Amino acid sequence: MKYALFWPVVIVLSMLALAIMVVGDFQTPIRTALTLWFLLFCSGMAYARLLSFPSRIAQIVLAVALGITINVAISEILVVGKVWSSDVALGLVMGTTTIGVVLQLLDARRQHARAQIPLESEAQPEQ
Amino acid sequence: MSEITRQASSIPLFRERVLNHWLNQLGQAMHSATGTALLVWAGAALLWLFSLQNADPDQMGNFGLLSVLPLPYFVALGLLIINTTIILNQQKVPEYVFLLHVVLLIFIIHGTPQILYGTLRYSWAWKHIGIIEYIQRHGTVDPTISSLPAYHNWPGFFTLNAFIVQVAGLKNALSFAGWSPVFFNLIDLGALLLIYRSCTRDRRLVGLGIWFFFITNWVGQDYFSPQATGYFLHLVILGICLTWFKTTPLPRRHAIRHWLRSERLTARAYKLLYLSRRAEMPVFQATPAQRIGLVGILTLFFMTIASSHQLTPVMTIASLGGLVLVFRLSIRSLPAIYGIMAVLWIVYMAVPFLTPTVESFIEALGNPAENAQLIDLSLASVDQQIVAMIGRSLTLCVMALAGLGMLRYLVRGYLNLSFIVLIGAPVSTMAMNTYGGEIIFRVYLFALPFLAFFIATLFYPSLKVGRSLWTVVLPAVLSVLLLTGLLFAYYGKDRQYYFAEDEVAASEYLYSIAPPNSLIIEGSRSYASQHQNYELYTYVAIDREPWESQQEIINDPVNVMTRWMSNRAYAGSFLIITRSQKAAIEMVGSMPDNQAIYDLEDALLASGRFKAIFRSPNAVVLVLDQDPHLRP
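Those protein sequence lines, which keep their order, are chains A and W. Each residue of the first sequence is one higher than the one before, counting from 3 in this note's numbering. Each residue of the second sequence is one higher than the one before, counting from 411 in this note's numbering.
Source of the hints: derived by calculation from the structure; they are not laboratory data. Since the structure is predicted, the reported quantities are computational estimates derived from the model, not experimental observations. Not one of these hints is a red herring.
Computed spacing ranges between beta-carbons, pair by pair:
1) A:Trp39 - W:Asn969: 54 to 60 angstroms
2) A:Lys84 - W:Thr709: 24 to 30 angstroms
3) A:Val104 - W:Met809: 47 to 53 angstroms
4) W:Glu955 - A:Leu18: 53 to 59 angstroms
Note that beta-carbon positions come from the ideal geometry of N, C-alpha and C, so glycine has one too.
Only chain A is shown next, with the shape it has when bound in the complex (with noise of 0.2 angstroms):
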C-alpha cells in the first residue's frame, strides 16, 4: 500500500508545484524543468500506473507517450478549435491528472483490500 501511494504523492506534489509557479508567475528555470516534469511525464503516470505492468520500463515508456498524447489532443482540440487558452489547457490536463490519481487510489485501496482477505486454505481453524 505505501509503494502504491509513492506515485500518486509525486504527481499531486508536481501538479500543486506547478500551479503555485504559474499563478505566482514566477520566472525560474525550475519552472521550465516542473513544467516538463508535469506534462510530459506525471500527466501519463497517472493512468500509465492504472494498467498495472509488472514491468517498470513499459511503465515508463507509457506515461512519457501517454503524457505527450494528453496534451497534444488538449492543446491541439484548443488551438483547432480557436478557443486557445493555456490556462484552460492547464486546468484541463491537470483535471485529467487528477482524475487518474484518484483511480489509482481506488485501484490502490481495492487490491489492498483483496490482500486482507485470507485465502480460504489460510482461514482454516487449527485443529
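Let chain A serve as the given structure and place chain W on it in line with the hints.
Same frame as chain A, now just chain W:
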C-alpha cells in the same frame, strides 16, 4: 527516554545499520565487475566533458564538427565501446549498468553539439520555433496559409510546444528545443527495449541491438520536430502490439490454403510460420481490462501521430498491415481503423494543403525507382561528396550486416518474421512519394530498429552461442567502424547547421526592425530564420533562384540587388548574409560559383548604394542606402 536521548541514540544506529551497509555494498561493488564497469563509465564521461573545453565550433572545417573534436573525445568513445561490449558478456553485471552506457553514448553524440554551440542547431528547427510563436500570437493555426502550410495542417507537435512554452512562462521554445535530440533518443531507448524484449529473453541480444541502433542512426531526424515525436509514438505502438497483441497460435492450414490457393505455397508458408514461432517470446499475459486500456491507448497514440505528421501514419499503417499479413497481430482490423483515422484527419484539416499536390502525388505513385533517387552530388564540394558517400555506405553496410545476421539466426532455427516484415513495410512507402528526395532515408530510419536487431543476431544467434572472446572483440571492432561512419555522416554537414551567436543576433535584429510585408533576401535558407513573425514576410533565397537569375546577380550584383530591393510592393527590403549561408552554398554547390556570395557582399558594401544596419564577423544585414520605401 527523552526526545534528545532518543535522537542521539538513533545516530549511531543509522551509522551502523544503514551507512555501513551501503558502504559495504559499495566496497563490494567496486571490487566486482560492476564496479570496474562503473569506474570506466565515469572515466569516459569525465574525459568527454573535459574534451569539450578544447573544441571551438568557430574553427569548424570541411568535415563539420568532426574537424574540431579533440583526441580525448574519441578516447572517451573508445572506452565506452570496449566497456559496453565487455559488460554485455558478463551475466553478473546488472542491466542498469549497460543502460547507463547507452545514455552516455546518447549524451556524447547528441549532447555535444548543444553544449558546444549554445544555439539551436539546424535551420528547420528554427522554422519550427516560428510556427510555435505563430500559435502563441494568434492562438490558432491557418490551414490555408501560403508559407509553411504543412505545419498548419498537422499542428499537433506545435500546439504541444506552444502549451509548454506558455505554461513555463517562456518567450519561445529556444531554451529547451536544443536538447531535443538527447530527449528523443532517450525516450526511443525505452521504446526499443519494449520492442526487443517482445521477441527474446537474451539480454545480450537486446543490449547489442540497442547499441547498434544508436551508432548507426545517422539520418538526423531526432531534432526539434514533429517527425521525432511521431517516430517515438510509432515505436511505442509497435512495442505494444508485439508485446501484448501478438498472435502466437499458428493459423489453421486450410485458412492459409484459402488465401494462397496453392498447396505447395501453403506448405512453404506453413513451414515458415512454424519456424518463426521459435523466434518469438510468448505473448505477455494481460487481463481483459488491461487489453481494453491498451487498445484505447493505441488509438490515442495514433490520433496524435495522424494529427502531427504526414509520413509517420503511412509508415505505422504499413508496418501493422505487414504484421497482420504474417499473422502476427491479433487486432487484425487495426491497420484499417488507423487508415480511416488518417483519412478523417486529412478530410477535416488537410484538404486545402493536399489538393494542389494531388497531381504530383499521382505522378509519383507506383514509381519506387524514381522516388528513391538520391540527390545529385556532382555540384557538391569534394568533402561533402565524401560525407554523403560515407552516409550511403553506412546504410548499405547496415543492410548487408543485417542480412548476414538474419541468415545466421535462420541457420540456428529462428526466423523473426515480425521483424523481417517491419523492415520491409517502410520500403513499400517508396512506391508512393519522393518526400522531397528524402524518402529513402526515412525508410532506413523506420527499418533501422529491426536492422540493428539482426546485426546483433550475427553475434548472439541463440542463448547458447556467443560466449567466446570473439563476441567481445568483433562487436567492438564493428562498433568502431560503424561509429566512425556515424560521426562523419551526422557531424559532417555541421558547418551549415551551426549558427554562431552573432548570426542569431543578426537574424533577431532583422525580425525586430522589419515592418510587416517586408522582402527578406537571403543567401540561402541555412540560417536561424523564420522564428519570429514568420508569416509577415516574403523570403527569397538567392541560391534557390533559377540558374539564369543567379548568373544575372553574379554578372551585375549591385544593379540587380538595387532593382530587387527597390520594389515598392514591399514595405521594406533587407538582405541578410551569414557564415552558415555561405557554408551551405559552398557545401551543396547551389550557386554557379562558390565565391559568388562573398563577391556579392563585397560588391554591395563597396558600391555605396547599400549600408550595413547590422555587421558582425559572421553576419551582415544590408538595406539600400536611400531606401525607396521611406521616400514619399
